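Chain V: place on chain C using the hints.
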Amino acid sequence: MTEHVIEVRDLWHWYLRGTPLQSVALQGASFTLDAGEVVGIMGHTGSGKSTLVQHFNGLLRPHRGTVRVCGSDLGDPKTDPRPLRRRIGLVFQFPEQQLFDPTVADDIAFGPRKLGCDHAEVRRRVQGAMASVGLPFDAFKDRYTFGLSGGELRKVALAGVLALEPEVLVLDEPTAGLDPRARRDLLGALRSLHAERGTALVFVSHNMDEVAELVERVDVLAEGRNAFSGPVREVFREEARLRELGLGIPAAAELAGALRARGVALQGDVLTIDDAVEAMWTSLSSPAA
Amino acid sequence: MDEFEFSRGITIGQFIPGTSLIHRMDARTKIVAFMILLAGVITTPSYIGNGIAFLMVLVLVAISGLPLGYLVGGIRPILPILAVYTLFNFLFLGNYDPTGSAVLLRTPVSIGPWEFAFTVTDNSMRQTAQGVFRIFDLIMLSSLLTLTTSITALSKAIESLLAPFRVIRVPGHEIAMIIAIAYRFMPTVAEELERLMKAQASRGADFGRPGGLRFVQRTRQLVPITVPLFVSAFRRAEDLILAMESRCYVGGAGRSAVALDRLRRLDWSALAVALVFTLALWRTPFPL
Chain C
1 MTEHVIEVRD LWHWYLRGTP LQSVALQGAS FTLDAGEVVG IMGHTGSGKS TLVQHFNGLL
61 RPHRGTVRVC GSDLGDPKTD PRPLRRRIGL VFQFPEQQLF DPTVADDIAF GPRKLGCDHA
121 EVRRRVQGAM ASVGLPFDAF KDRYTFGLSG GELRKVALAG VLALEPEVLV LDEPTAGLDP
181 RARRDLLGAL RSLHAERGTA LVFVSHNMDE VAELVERVDV LAEGRNAFSG PVREVFREEA
241 RLRELGLGIP AAAELAGALR ARGVALQGDV LTIDDAVEAM WTSLSSPAA
Chain V
1001 MDEFEFSRGI TIGQFIPGTS LIHRMDARTK IVAFMILLAG VITTPSYIGN GIAFLMVLVL
1061 VAISGLPLGY LVGGIRPILP ILAVYTLFNF LFLGNYDPTG SAVLLRTPVS IGPWEFAFTV
1121 TDNSMRQTAQ GVFRIFDLIM LSSLLTLTTS ITALSKAIES LLAPFRVIRV PGHEIAMIIA
1181 IAYRFMPTVA EELERLMKAQ ASRGADFGRP GGLRFVQRTR QLVPITVPLF VSAFRRAEDL
1241 ILAMESRCYV GGAGRSAVAL DRLRRLDWSA LAVALVFTLA LWRTPFPL
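In order, the protein sequence lines correspond to chains C and V. So the first sequence is numbered by our numbering: it starts at 1 and just counts up by one. So the second sequence is numbered by our numbering: it starts at 1001 and just counts up by one.
One chain only, chain C, in its complex shape (with noise of 0.2 Å):
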């Protein structure tokens, strides 16, 4: 068997462990990852997402069950999870919330400074980090974090994660917040930095159109366990299921539904934008139905 770059079998943890406050956030999750796949992790509020994806860089630790990272049994107290935060990239929900150097340009220098990087290395990392994400270096990299818009933010801080060169970059609720344009933008440096670094993409998100649009093979979660997994297209066609649970389909294959059940023949599946345009075309200039 090949060795997975993360396995999480029958996860538990608890928060508040061993007081009168606990409460149990996963009950026997699991999950895998290879090298270059983009995954994406959907459930409710309090499913147990963001609990799961703080095991992968070793922040949690397995209550009961196992996580293995690149070739680490996180289980064990003694190994250490330092050397592996460098290779999972984990980046938080509003993570402009945790920028906190006057300028652009120190606050993403601090992942690299950290790694002991000589100053040449921490420019080009600096560099190739504010490119990945769309923020121009020379004009962005003396201005003041504390001054840009929303979306500018947003970019600084998964640029603060970029710059440690990643080889998984694992992303909770990144776009939440965000205006249209910006979620765009950001969407489409995910998806240029996998099509060119190779970086492994985990995108945790319960809106469904990104979902659909951005990953390959979707794990649902439910409860603190997986309620349901397979290929995106697979999962989208659980609709009932996936309503359940408190989440939906994309936009785009609501439509599809809607006019399908006006007797208009749309052929094949339709998740995206890009699907529902191509499935319209199709339909319209071959009215078989």
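Read the hints as simulated data drawn from the structure, not as lab findings. Just so you know, these numbers come straight off a predicted model, no measurement behind them. Certain hints may be false.
List time: in silico DSS-like cross-link candidates among lysine-lysine, alpha-carbon distance up to 25 Å [unchecked claim]: (1) C:K114 / V:K1156; (2) C:K78 / C:K114; (3) V:K1198 / C:K78; (4) C:K141 / C:K114.
Chain V in isolation, oriented as in the chain C frame:
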């Protein structure tokens, strides 16, 4: 153990709902009764008296139904200070004993130019033991109060207890509001701190190695956390102001309560028990 879970260790500011006798008491009763009990704890000079007071605290914990271990957990952070304090008291307090009680131990020590003595007298030993008991009782009683009382009830109680002092211009309502807000946000800030530490650790920050006495490095490690923590605290404060003002909050003047709770029989009996206990503790001539 989980590296970043701070909220676990914070028992202060938490409220654990329940239905025990102590939970059901009025918050004013609890504050006053605990103050009366504390008066008893700090006035009894005897070993037996202190033991009885400590037992009383344990009985109260048992009545409240809270796990004893969780309450004791709140003491853990101050244990090192308590240990040093107790050790110093034990060794040196006897040097300054004005009562002239029996000297149990006296060892002169000289290290280089310094000359001093370890002295333990009957009275200093008593005071050392009392110090430990009092701190334990104090912390247990005050955590018992906050763990069994919701913040709303607590701030209402403080406001109503401070009401008589309005004639000398004590802003009771404002004090209660400040306490309530401070308590309300303690767990929130702890959570925020946890999140920030995790986020910065994901970017390569390292909080794991204390490195002995390297204060400068340790302090510099904290910059990536404290800056965002303050930024978000200010942002939160501004949001709170907006939220309060948009609900027409203008301070205490002219505000009245929805429910006027009168003290019930349970409250009066609790107060009476506390008073009797304290008086008895104070008046009983314990042999030791």
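Results for each hint:
no., hint, verdict
1, C:K114 / V:K1156, "violated (49 Å)"
2, C:K78 / C:K114, "holds (22 Å)"
3, V:K1198 / C:K78, "holds (19 Å)"
4, C:K141 / C:K114, "holds (19 Å)"
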